[in-house]
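Protein chains: 4
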Amino acid sequence: MPGSVYGNMFKISTWGESHGKGLGVVIDGCPAGVELSENDIQQDLDRRKPGTGKYTTQRSEGDLVEILSGVFNGRTTGTPISLIIFNKDQRSKDYSEISKVFRPGHADFGFHTKYGFRDYRGGGRSSARETAARVAAGAVARKILMSLGIEVKAYTRSIGNIEIDYNNFDIDERFNNAFVMPDSNAALKAEKFLDEVMRKKDSAGGIVQCEISGVKPGIGEPVFDKLDSSLAKAILSIGAVKGIEFGLGFDATKVTGLVNNDGFFYDENKNIHKYSNNSGGILGGISDGGNIIFRAAFKPTPSIASPQKTISDTGENVEIEIKGRHDPIVVARAVVVVEAMASITLLDLIFASMSSKIDYIKNYYENL
Amino acid sequence: MPGSVYGNMFKISTWGESHGKGLGVVIDGCPAGVELSENDIQQDLDRRKPGTGKYTTQRSEGDLVEILSGVFNGRTTGTPISLIIFNKDQRSKDYSEISKVFRPGHADFGFHTKYGFRDYRGGGRSSARETAARVAAGAVARKILMSLGIEVKAYTRSIGNIEIDYNNFDIDERFNNAFVMPDSNAALKAEKFLDEVMRKKDSAGGIVQCEISGVKPGIGEPVFDKLDSSLAKAILSIGAVKGIEFGLGFDATKVTGLVNNDGFFYDENKNIHKYSNNSGGILGGISDGGNIIFRAAFKPTPSIASPQKTISDTGENVEIEIKGRHDPIVVARAVVVVEAMASITLLDLIFASMSSKIDYIKNYYENL
Amino acid sequence: MPGSVYGNMFKISTWGESHGKGLGVVIDGCPAGVELSENDIQQDLDRRKPGTGKYTTQRSEGDLVEILSGVFNGRTTGTPISLIIFNKDQRSKDYSEISKVFRPGHADFGFHTKYGFRDYRGGGRSSARETAARVAAGAVARKILMSLGIEVKAYTRSIGNIEIDYNNFDIDERFNNAFVMPDSNAALKAEKFLDEVMRKKDSAGGIVQCEISGVKPGIGEPVFDKLDSSLAKAILSIGAVKGIEFGLGFDATKVTGLVNNDGFFYDENKNIHKYSNNSGGILGGISDGGNIIFRAAFKPTPSIASPQKTISDTGENVEIEIKGRHDPIVVARAVVVVEAMASITLLDLIFASMSSKIDYIKNYYENL
Amino acid sequence: MPGSVYGNMFKISTWGESHGKGLGVVIDGCPAGVELSENDIQQDLDRRKPGTGKYTTQRSEGDLVEILSGVFNGRTTGTPISLIIFNKDQRSKDYSEISKVFRPGHADFGFHTKYGFRDYRGGGRSSARETAARVAAGAVARKILMSLGIEVKAYTRSIGNIEIDYNNFDIDERFNNAFVMPDSNAALKAEKFLDEVMRKKDSAGGIVQCEISGVKPGIGEPVFDKLDSSLAKAILSIGAVKGIEFGLGFDATKVTGLVNNDGFFYDENKNIHKYSNNSGGILGGISDGGNIIFRAAFKPTPSIASPQKTISDTGENVEIEIKGRHDPIVVARAVVVVEAMASITLLDLIFASMSSKIDYIKNYYENL
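Sequence order for the protein chains is A, B, C and D.
According to my numbering, the first sequence is numbered sequentially starting from 1.
According to my numbering, the second sequence is numbered sequentially starting from 1.
According to my numbering, the third sequence is numbered sequentially starting from 1.
According to my numbering, the fourth sequence is numbered sequentially starting from 1.
No lab work stands behind these hints, which were simulated from the structure alone.
Backbone N, C-alpha and C fix where the C-beta goes; we use that ideal spot for every residue, glycine too.
Wrong hints could be hidden among the right ones.
Some chain C residues close to chain D (C-beta under 7 Å, calculated; not the full set) [as the list claims (entries may be wrong)]:
#: 1; residue: 6
#: 2; residue: 47
#: 3; residue: 72
#: 4; residue: 95
#: 5; residue: 105
#: 6; residue: 225
#: 7; residue: 254
#: 8; residue: 283
#: 9; residue: 305
#: 10; residue: 307
#: 11; residue: 313
#: 12; residue: 320
Derived, one-sided and incomplete: chain B residues facing chain C with beta-carbon distance under 7 Å [unchecked claim]:
#: 13; residue: 9
#: 14; residue: 31
#: 15; residue: 33
#: 16; residue: 62
#: 17; residue: 86
#: 18; residue: 169
#: 19; residue: 354
#: 20; residue: 358
With a Cα cut of at most 27 Å, we get these calculated DSSO-like pairs of lysine-lysine [said to hold, decoys possible]:
#: 21; chain 1: B; residue 1: 49; chain 2: B; residue 2: 254
#: 22; chain 1: D; residue 1: 200; chain 2: C; residue 2: 254
#: 23; chain 1: B; residue 1: 254; chain 2: A; residue 2: 192
#: 24; chain 1: D; residue 1: 49; chain 2: C; residue 2: 254
#: 25; chain 1: B; residue 1: 21; chain 2: D; residue 2: 309
#: 26; chain 1: D; residue 1: 309; chain 2: C; residue 2: 216
#: 27; chain 1: A; residue 1: 189; chain 2: A; residue 2: 153
#: 28; chain 1: A; residue 1: 49; chain 2: A; residue 2: 270
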C-alpha cells in the first residue's frame, strides 16, 4: 500500500501533512563523502517558499530544514540522511468548511473513499506542502549531480496562454520575476493576466520546461526503467501535473520521420553531436548525449474563492467558496519541485548504470 | 541495473530480442483461480501482429504464445506464469549495413555506449518486437480486470495532422480499419496520407487515446505511486512514445480553475457523479470515479528508406538508407500495447489498495 | 546502496546514529483506521530501554517516542507515520580512544573500508541503539497483529550455558527478572554467571526463542519470500545475531523423516491439527497452522573492558581496552527487538497474501 | 503476492513446476561483456542432477539448459538472459494417491489453503525440482564472481549424526563420493547409515557448510540488507532448510566475548588479517576480509514410503505411504543449490556497494 517511498538506489521516504507537526524525508543510499550542510538544502527550499508577492500564499511557513542524521564532520557518512522541517504555523483554524465537503479538483474525495476518513486540515498529506520534502531531497541529489558536471534547470514556459519568447530568452532572468520566467516581457504579461484571474476569484495553470545539461550517453535502463519513463513518473507524481512531453513531444506526431530523426555526426575532434535534438536527449530510453528536455503541464490551482458545486460526505449537494489565501497559480513555486524530482531520478539511474558492464565491476572490485 | 522487470504485486519480467530464439514474459503474482488459456492471450497478440495491409510489416511473425507454467486444469495456480513466443523467422540476414552504424532516432547509440556492444540484428532488445511480451502479460491482467467490470479500450486518435471527429466516433469501428481509428472518415484520410508518406520513403506518428471504464474511486497510492504517475511510467516505457497527458492535459494549462475543476453531485439515488471529467478520472493521483482518460504521443517510425546522415562506431560520418520493410507508422500496432501496459499498471495498483484500511485486513484474515 | 529500508507493503525506513540528534523511523503502508497513540509504542520501547540493574547500560537514554505524522484524531490515516526519538544524552565525550582504532567484533572496520570514514561516536549507525527505531515500528505492527488475534512473544532461552527448564516454564515470569527468562531458577543462575563474567571484564551471549500464535495457514510466499526465509533475514539483520533455526532446527538433521514429519489430523469438529510441531509452524515457506517457533543466537557483546589486540586506521598494531559502561550481554534487551522484526515481517506477508486468490480480489473490489 | 523474483540489481525471476512443460529463470541485470555459454551453466546443473547411485532419484531428468536471450556472439549483452530447461519426463502418472491428501512435512497443505487448489503432480511448484532454475542463475553469478577472484565452495558437513573430521578434510574429495563430503571416511559411514535408513523406508537430513574466499572487506549494506541477513534469506528460501548459522554460530552463545572476538593485525606488508575467524567473515553485516563461512541445516526428506497419518482435503483422517522413488536425503544434491543462492546474493550486494562512495561515482562517470 505504500506510495511515499521513491527511488531504488538513491531512495527517499517522505512524510508529513500540511498542518501536522512537520514534514520530512529520509534519504537512504546517499554515497559517503559528499560535503553537505543545511545551507545546501535551504537554498532550494527558499525557492519553493511562498514569496512576498501577491501571487503566492502569505502564510509564513518558515521551512527551515534541519539535518538529523547521516552527516558527520560536514560530510555524508553513507547512512540515512533524515531531514526535517517543523511546521511553525499550526494554530488551530476553523476547518468546518472543508472537513465534510469534497473540494472539486482536489484529492479529498479520493482520500475519503480510499481510507475511510482523512486529515482535512489544509489538505493533509495531499497538500502541495508535501513537496517541501521532495525539494529537500532533491537538493542533495543536485549537489552530487553538480559534482559530476550535470546541471538541472527548469523555468516557467507559459502561464495560461502567455508563452515565453525564445528570442528574448535569458535563463538568469528567471530569478528576477515572481513567475520564474526566463523572459521579462512574458513575465509582465503574466502579471497582468494573473491580476485579472485573481480579481475574478479564479486561478490559472501553466507549463514548466526543464533542461538538463552534462548527461553523458548511456544513462537509463532499457524496456521499463527508461530515462524518460522514469522521469515521467517522477514528474507526474507532483500534484497538479496533467501531462509531460520530451523533446518535440506531442508535436512529433505531426512531423515525419525525416524531420524528427536527429542525425549524428563527428566533429573534427571525433566528438559526437546531433544535428538537432528533437529527441529531447533520450533515444530508446537511454540518454543520447543531447540535453534532456521535457515539459510538464500544470493545471490551474483547484482552490478558488468563487462558488463551486460539490458534495458533502453526508450525502448532500452543496456549494463551496474556498476561503483563505491560495496561490492563483502553482507553477512558479513548482519549478524547483520539478528540478528536485528530475535530479533524484537522474541520479538514481546513474547509480543503476554503474553495473552495466563487467569492466566497470572488475575495475571497482580490483581497487576496493 | 535491471530494467526489464515491471510491477510490484503483479510483477512481470520480460526477455527476448528481435532476432533471437524467441521472447517471453514471466508473470509473478497472478492470483490463483483465474480461468486462463492460450487463446485468451493470443487474441491480444493477434491485434499487435503485423496485418496483411501495406502499412504494417510483411514479415510473417507467427507470434504463437505458449503457456509453460502456472496454469493447471485450466486455471491459474498462483505461481509464476511463463509465456513464450518462439521466433519463427530467424533466417540469417545481412546485417552489415546496420551492424556498425547508429541509426538516427534509434537506441543503437545508447546501447552501444551503455554496454560496449549490441545485438544489432533487427534492433535486438530495443526492437518494437519486445512489446509482444507486454501484450501477452497485459492479456492476463485484462482478463482479471474484466472480471471486476473494468474495460480498457484504446484507439488511434490522430495520425499526423489527421484527427478523428468525435461526432463520427464509433468505438467498434476501430477494428474495421488498418489504423484502429474509431472514425471511418478519418481512417480514409489517414490511408491517403500514409500512401503519400510511404511514396516519399518517410514515416509518420500519431496519438493513441485510452479510456478505462469501471474503475471505482480510491485506486492509486498518494505521493509517488499515483495512478497517473504510474500510468505515465508504463506508457512512456513503450518505445516511440514522447508524451502523455491525462484528461484535459496540456490544454488544462490554458483554461482557468473554474473551467477545469469537475464539480461533484449526487443523483437521486445518492450515487456520486461529476459534471465534467477534465481530470481524466484521477484527482491527487487517486481514481475519482470518472473514466480514466489519457493520450500518448507516438513519434514517426525512425526506420526510413530515405538517406540520412549519421555515424559509424568506427569514427566515420556516413549516410544510411534503412533497407527492408518497416511500418511507416507504429500507432496502429501500438494501440494494444498501450492497453496492455495500462491494464498491468491498474491491476497492480488495485492489489496495492487492498491493504489501505484495517477493516479490509480484518475481513480478509477472519475469513481465511 | 540503501540498506535501511525494510518491507514491501508495510515498509519501514529507519535512520539515526548513537550520538547524533536522534533516531527514528518512517512507516509507509500502515492501513488507515488503526487506533494509535504514543503510549502504544512507548510500552515496547520501555522494554528495550536499559534497566536499573547492573547488567544493562546505566546511561539514561530517555527514549521518548513522538509521533510526527500519519495519525489524526487518534487513528492512523493511511499516510506515512514518522516516529522520532531525540537523543537526550549527547554531551561531547572523549572518543579519541576509538576514533582511530577498529574494535574487534564490531563493524568499525567494515564501515571504514566501505565508506572511507565513519561516525565513531558510540558506534554511529552500527550501534545497537539503532534498534530503537525497529522496536517503535514493531509496536505498530504488533498492534495490528493483535487485532487479528496474533501474539508474538519472545524470551531468553539461554545465557551462556545456562538454559531454561521447560518444566519450570512460565511465560509471564519473563518480565519478573532482568534477563527476560521465563524460568525463575534459570534467571538466578544467569545472574550468578554474569556477575562472574563482569568481574572478568568479559561478556556473554545467549539464545532468544520466539513463539507466534494465531497465525492461520497460508501466510508466506513460495520460493524466495517464504515466511521462514523472510523471518531469517529480519532476525539476522539484528546486530550480534549469528544464527537462526525454526522448529527442530539444526536438531532436525539428526532425526529421521518419520520422526520429523508432523502428521495432520482432523478433530471431531473437523478442525485441523498436527500431532507435533517440529516444523515450527512453517512448511514449504507457508504457515501450516501451528505456532511459529524460532530461535536466534546472539554472540557475546563485543565491547569488553579487557585488553584486546587490534589495529588502528593508520597502520599500527595496537591494544585496546573499551572504556565506558557496556551491557555484558545484549540478549535481554534484544528480546523485544526480535519480536519487533518478527511482527513487521509477518504483517508484511499477511498483506502480501491478500491478492493470492481471485476470489479475495473480487470480494474486495465489489465492496469498495 | 509474488515470491519468485529475487535480488535487486542482479535480479532473477524463476518459474516452472515439477511436472509441467519445463522450468526456467530470467536474469535481469547481468552486466554486458561476460563470456557465457550453455556449458558454463550445464556444469553446475549436472552437479544438482540425480546421480546413478542409489541415494538419488532414478528419474532421468535430462536437465539440459538452453540460453534463449541475452547472449550475442558468445557474450552477455546486458539484457535479460532467459534460461530454460524443458521437462523430458512428463508421462502422465497416477497422482490419485497424493492429489487429495496433504503429505506430512510437505507444502501441500499450505498451497491448498493459500490458493484454493494446487498442481499436485510431483509437488508442482513446491518440488525441489524448482531449484534447477536457481542453479542455472547461480552459475552465471559464479562466473562473474570467479572473474573477481571469488570462490564459493560448499560441501556436506554432516549426515544424521555422521560428521566430517576436519583432520581428514580434503575439499577436492567432495566430488569423489555420492554425498559431496570432503572426507572419504565420513562418506563411507554415511553410505552405511543411509542404507539402513532406506531399508527402514525412512529418510535423513544433514548440514551443508559453505565457504567463500576472496571477498574483500566492505560488502553488505548496514541495518537490513546485511551480508549475513541477505544470505540467511537466500539459504532459508531453499526447501528443507531449517536453520543457518555464521562463523561460530549457535556455539558463539556459549563462549565469552574475549574468546569470540577476532582481533585484527597488520602483517609486515601492512596487509590486514584476523587472529581468528569466529565471525565467519562478517561483522555488523559487512564483510571483514575473512572467509565467509556459514552452515545450513537440512531436514530429512519428507517423502517416505513408511505409512504416515495425515488428512485428505475432503475432511478425512487417512494414512499415506508415499510411492515412487525419492532421495532418502537431499543434502548431496542441495550443495550446489546453496552455492548458487550464495553466489547470486553476494554478487547482488557487490553491485549494491558500487555507489557507496562519491569517489566511486565520480570515477565511473568521468570515464564514461
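Tested hints:
1. 6: 4 Å, holds
2. 47: At 21 Å from the nearest chain D Cβ, residue 47 of chain C fails the 7 Å test, so the hint is violated.
3. 72: 29 Å, violated
4. 95: 18 Å, violated
5. 105: Holds, because the Cβ-Cβ distance from residue 105 of chain C to chain D comes to roughly 4 Å (cut-off 7 Å).
6. 225: Because about 4 Å separates residue 225 of chain C from the closest Cβ in chain D, which is inside the 7 Å limit, the hint holds.
7. 254: Hint holds; residue 254 of chain C Cβ to chain D Cβ min 6 Å, cut 7 Å.
8. 283: For residue 283 of chain C, the interface hint holds, since the closest Cβ of chain D sits about 5 Å away, which is under 7 Å.
9. 305: Violated. Min distance 10 Å.
10. 307: 10 Å, violated
11. 313: Violated, about 10 Å.
12. 320: 9 Å, violated
13. 9: Hint on residue 9 of chain B: holds, closest Cβ of chain C at ~6 Å, below 7 Å.
14. 31: 5 Å, holds
15. 33: 4 Å, holds
16. 62: 31 Å, violated
17. 86: 26 Å, violated
18. 169: Interface hint status for residue 169 of chain B: violated (29 Å vs cutoff 7 Å).
19. 354: 5 Å, holds
20. 358: 4 Å, holds
21. B:49 to B:254: Status violated; Cα separation ~39 Å.
22. D:200 to C:254: Roughly 16 Å separates the two Cα atoms, so the pair holds.
23. B:254 to A:192: 15 Å, holds
24. D:49 to C:254: Answer holds: residue 49 of chain D to residue 254 of chain C is near 25 Å, not above 27 Å.
25. B:21 to D:309: Between residue 21 of chain B and residue 309 of chain D the Cα gap is close to 49 Å, so the pair fails against 27 Å, i.e. violated.
26. D:309 to C:216: Judged against 27 Å, a Cα distance of about 21 Å means the pair holds.
27. A:189 to A:153: 23 Å, holds
28. A:49 to A:270: Violated: residue 49 of chain A and residue 270 of chain A sit about 45 Å apart, past 27 Å.
In this structure, the earlier hints numbered 2, 3, 4, 9, 10, 11, 12, 16, 17, 18, 21, 25 and 28 are contradicted, and the remaining ones agree with it.
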